[in-house]
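J.: Please work from the sequences and hints to get the whole structure.
Protein chains: 4
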Amino acid sequence: MQNFIHLESDYNNGAHPEVLHHLMETNALRSKTYGFDEWSEAAREKIRQATNCPEARVEFLVGGTQTNATLIDSILQTGEGVLAVETAHIAVHESGAVESSGHKVITLPSHDGKMLATDLSDYLERFFADETYPHMVQPGMVYITMPTELGSVYSAREIEAIESVCRQYDLPLFVDGARLGYGLMSDACDFDLPWLARHCHAFYIGGTKVGALCGEAVVFPKGDAPRNFFTHIKRHGALLAKSRLAGVQFDALFTDNLYFRISQHAIKMAQRLREAFVGAGFKMFNDSPTNQQFVIIPNRLLPVLQQHIGFECWQPLENDATMCRFVTSWATEVREMDCLADFLKRLP
Amino acid sequence: MQNFIHLESDYNNGAHPEVLHHLMETNALRSKTYGFDEWSEAAREKIRQATNCPEARVEFLVGGTQTNATLIDSILQTGEGVLAVETAHIAVHESGAVESSGHKVITLPSHDGKMLATDLSDYLERFFADETYPHMVQPGMVYITMPTELGSVYSAREIEAIESVCRQYDLPLFVDGARLGYGLMSDACDFDLPWLARHCHAFYIGGTKVGALCGEAVVFPKGDAPRNFFTHIKRHGALLAKSRLAGVQFDALFTDNLYFRISQHAIKMAQRLREAFVGAGFKMFNDSPTNQQFVIIPNRLLPVLQQHIGFECWQPLENDATMCRFVTSWATEVREMDCLADFLKRLP
Amino acid sequence: MQNFIHLESDYNNGAHPEVLHHLMETNALRSKTYGFDEWSEAAREKIRQATNCPEARVEFLVGGTQTNATLIDSILQTGEGVLAVETAHIAVHESGAVESSGHKVITLPSHDGKMLATDLSDYLERFFADETYPHMVQPGMVYITMPTELGSVYSAREIEAIESVCRQYDLPLFVDGARLGYGLMSDACDFDLPWLARHCHAFYIGGTKVGALCGEAVVFPKGDAPRNFFTHIKRHGALLAKSRLAGVQFDALFTDNLYFRISQHAIKMAQRLREAFVGAGFKMFNDSPTNQQFVIIPNRLLPVLQQHIGFECWQPLENDATMCRFVTSWATEVREMDCLADFLKRLP
Amino acid sequence: MQNFIHLESDYNNGAHPEVLHHLMETNALRSKTYGFDEWSEAAREKIRQATNCPEARVEFLVGGTQTNATLIDSILQTGEGVLAVETAHIAVHESGAVESSGHKVITLPSHDGKMLATDLSDYLERFFADETYPHMVQPGMVYITMPTELGSVYSAREIEAIESVCRQYDLPLFVDGARLGYGLMSDACDFDLPWLARHCHAFYIGGTKVGALCGEAVVFPKGDAPRNFFTHIKRHGALLAKSRLAGVQFDALFTDNLYFRISQHAIKMAQRLREAFVGAGFKMFNDSPTNQQFVIIPNRLLPVLQQHIGFECWQPLENDATMCRFVTSWATEVREMDCLADFLKRLP
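In the order they appear, the protein sequences are chains A, B, C and D.
The first sequence maps to residues 723 to 1070 in this note's numbering.
The second sequence maps to residues 723 to 1070 in this note's numbering.
The third sequence maps to residues 723 to 1070 in this note's numbering.
The fourth sequence maps to residues 723 to 1070 in this note's numbering.
Simulated from the structure, these hints should not be mistaken for laboratory data.
It is possible that some hints are incorrect.
Copies of the same chain look alike in the list, so a pair counts if it fits in one copy or across any two.
[Said to hold, decoys possible] With a Cα cut of at most 20 Å, we get these calculated SDA-like pairs of lysine to any residue: (1) K754 / E1040; (2) K1067 / V1026; (3) K1005 / G945; (4) K754 / F726; (5) K1005 / N725; (6) K754 / Y855; (7) K754 / P856; (8) K1067 / R1022; (9) K754 / Q1028; (10) K1067 / I1018; (11) K1005 / Y855; (12) K1005 / N1021; (13) K754 / E1034; (14) K1005 / L895; (15) K944 / P916; (16) K944 / S843; (17) K754 / E777.
T.: Take a look at the structure:
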């Protein structure tokens, strides 16, 4: 193997060439600002079509943590909490952005990264059965990630079950789709984008990790965004003055199915990555069907792997092993996966 | 006049061609993320040189409101307030982002957009002379804008006077430089970037309005950023996963003086714009030496102007007139200013 | 004059004897807690009668700043601001409690402590006429003080005019009644408690300054308190575990018109105080008809006055004089006012 | 058994007679306000003596949730989190007051209500070993409750072990002493108040649950309260205008050891309560040595018990039983405990 293979993340690269090309070809044009530019408008319309939601409110924010914090803060009433699994990005890796706007993240058990409707239902039943509940943080919405931080995907039945509990308790369901494309294009996924849009209150279509330089498309499928939502975005520092930056990129991503093509490519690369590891005798930590693959690496092999491959040590395990994350993206090449398979086979 | 002339803002355009080119030529490379990419590191070093601050801490955030909110929230102690003039961007046009993190904006009079050291000094003297001051919001820092929201620039003496009051009361001085280049390149400015860096606690070098697609470079000249500053950035949703987006752009902006060349060009265009208006008999609202020009337009002329020129109606005035803002940028062309002069002269 | 006369404030004393007596006679009884005790329930009912609002939601909080912060935070939507005059208690003397929960205090001019409906109307008209208003803090409610921080009282017409603007813009009107009794019992007041209750969304009846040891009774006349209002109170640290402390006191205050008797007594004492000063040749700062009297004291007299009388220097004036505040309460005695008149007459 | 026995809580009663008497005998006197009254000053001095901390900063707040929220918010830097066990009052029963000021409660396992130093140490070691820790909430202080929500007490060794970890990571240790007296007077406690004061950064001495009508005494043993601590108290709505209310009560509580006599009495009553239950064949849920006793009650007996005794159903258990809480206080009488024993023995 000659070259270093970069599998650290799906944001260690630039923009997908088609996205970059659209930035170039539109660069000389003057535009409106703050979300009113023509490309943002075009991208909105394309997303309304792709989600089959003609009434959808679509706004473009910059990054994932920002999008979660803005959405949660604007959907919740003052002081309410958001229910999420304990491995949720908002519960672990967002530096307390949700708490910064005054809201508690109420955690439920994680099942391979997923929330179980029964856990949610049990929590809420016990909560309201406890006479002291007015002394506790009132649950105000539910947050799930699709695909999850562990690469797993929800089935339609699982989401329907969660949605049903949400409806019973009048809790909006918000889906963090930082890697949504990789979830939807996964073989394990039994629903599509319009289906998802019908089954939640709000979600976002992650751009940063799916071929853009930055940008997340927030969607309220029924158009019922919180009052003064524009002001909420501005107040959270999430409003791009040159909104064309996000608009042009999403315009490209939703032209000729680019968003889904990128996702599908990364999934295929992830399958080859998985085959390479399993073929070389490694065990997978879990059964991720998306572009994040978690491999159990014996600690003695870490140095040699780190010399040739970029990846992240995720969590120490027993028996001198480490759970490591390898991630594919639009930029991962077939050639690289071949090299990887070769390299792994030759390991001592 | 054939074409519509866009003078609505300095962010109605794409990236300066040299910035765009650098994005293109680096796009295929893999990089570290979250601020550790090679271009961010290179840009940091170039900014340290341009500011003559080898110890400076430099971080790249996305937009102005976000940068103000993050900086102010991380510099202030819990519950403290920030002193600013009543026309300050943070006091008016940031949707309460500062208050959202629990801090009051304490306003002082605005003098053509500027804070007077004597007003600051008077406020603080009266504040601490009042026995009830512990019942009031404690002033924790001072915020000024350079150039101001009205296009004016501080003189070195004015900033030194403010700095001196700040030192007396142990208040950090923060300079919002969303349009910093246009201030520094103005004929009216009697200091340079290294001088400014020596005379404040923190400032930022605005990119969005000076040739980038997005990005603001925060500088702590002495390197004494607040503890856990990285976490503060993340918590405010201001951390770019693909930090190369900002890094590459600032790397370009601080190569071959591009940042200053862009600024100087816009200033020249603004001078021609001003001459065009004054030459056609218009009165200027104030004496702005930067790229924002404020013209008093008789209301009867608004429709015909709006047909041919993009600009903003800023404030209604007496005598059936309106204060209007015209803004130049890297994208404003000499040819456009010639057309403008022609067009204005021919107005009835 | 033998004894020092305490006129520093209306909270430099203990409880009114009838309030204290009720605390004593109920002390040995066991009770429910957190607002469900029998005296809180009784006081609620008496307040519903006194306000002629059988549907009113009534809750007892501890102090004024706390009550303002809790009410404003629970009534406003996230990020909205509260409109108040620049001399308002929440704008000046509450250490930024409102900002601490993320809300801006948007200030209007003060007219002897009062808000003018025309100022309010002008602000709102200009606000929504400005195209950039979504970039600004959205006004979410209106706050006025009755009587004001300067002792003045609103007329029914003035409140109706404000209420009318509020209705036009769908803004709840909240009346800070920290000294409500003194306002209502003033000769200058042309409305009563039931009238006030009909003309605002929420208000509170101050206890701390009107004979209680602590306690403020929050009233939503139509019963439409914010959702989860109990939880809001708890979250703001404003829920008394031994809620009987407030309940018993308000039960006493609203028995046999004690609240109004206390207020009326203090008003009478304030009139004598005023006569004493005016009779001795002093000038009043304003025409306060309530229990706070503001007198212009030549600075040369301050030392001798301070030797015999407790009062507060409020604000330095021109011509070597100071605006000083003298406050009466339930504890102020006729005898003391006689002494004061005597003392003032004999001043050189 | 004739009379209903009230064991619902230690705040279902009025003030201890000696506390009430002091309120009565001081009621007619005028005083300074906002914490500067003579009784607050006297109580401060008595607490300095009782804690053997001549330099201590002592402030009186109103209630427990308020005190926790104010202390934690003023000690933490912006955005930092507080470490506590998952059963901690701040994590469960304070309606998210900590999150409301922007801080996450980071939970560790609870061991009969207590935090283990090893859990704390493990958490911190793993936290800083994880390279992504700047993306997480930075731990800023440690919160423990003494006695705990489950009635258990820490040993001196356990607190020393926690303190040692705190020192290693430079984290202030804060002890919630809402029921501190009951912990210190417990037979199971092997340290006293001065010892505790030497082993933590801050703590509070609960008054509400130990004989006062309201009031918690915050102590910074070394005097190093956060900067502008007075303003923090005001900002949190925790400053009593008539501060004498708290001052007089704590003056009484710390005269002739009243605070400790009350606590000791309640402990003795709790022991008799425990003997009564165990003697009647009931099983205790845990081995609480303080004034809160947790008994496992078969569900079939709940109705008859509820007819004669006031208590709280805390948590459903397996086998048709419920964990119930019975609480003693200064007001619990020997006679009542005799009645209880009688009553329990006669149960079918």
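J.: For every hint, state whether the structure bears it out.
T.: The hints, checked one at a time:
1. K754 / E1040: For K754 and E1040, the Cα distance exceeds 20 Å both inside one copy (56 Å) and across copies (29 Å).
2. K1067 / V1026: So K1067 and V1026 pass the 20 Å test inside one copy only (13 Å; across, 73 Å).
3. K1005 / G945: neither (45 Å within a copy, 46 Å between copies)
4. K754 / F726: Answer is between: at 14 Å across copies they meet the 20 Å cutoff, but 43 Å inside does not.
5. K1005 / N725: neither (25 Å within a copy, 65 Å between copies)
6. K754 / Y855: between (49 Å within a copy, 17 Å between copies)
7. K754 / P856: between (47 Å within a copy, 16 Å between copies)
8. K1067 / R1022: Within one copy only: 16 Å inside a chain, 67 Å across chains, cut-off 20 Å.
9. K754 / Q1028: between (47 Å within a copy, 15 Å between copies)
10. K1067 / I1018: within (16 Å within a copy, 61 Å between copies)
11. K1005 / Y855: Intra 45 Å, inter 27 Å, cutoff 20 Å: neither.
12. K1005 / N1021: within (13 Å within a copy, 50 Å between copies)
13. K754 / E1034: Cα proximity of K754 and E1034: across copies only (12 Å, versus 41 Å in one copy).
14. K1005 / L895: neither (35 Å within a copy, 43 Å between copies)
15. K944 / P916: So K944 and P916 pass the 20 Å test inside one copy only (12 Å; across, 43 Å).
16. K944 / S843: Neither: 25 Å inside a chain and 34 Å across chains, both beyond 20 Å.
17. K754 / E777: neither (23 Å within a copy, 39 Å between copies)
Of the numbered hints listed earlier, those contradicted by the structure are 1, 3, 5, 11, 14, 16 and 17.
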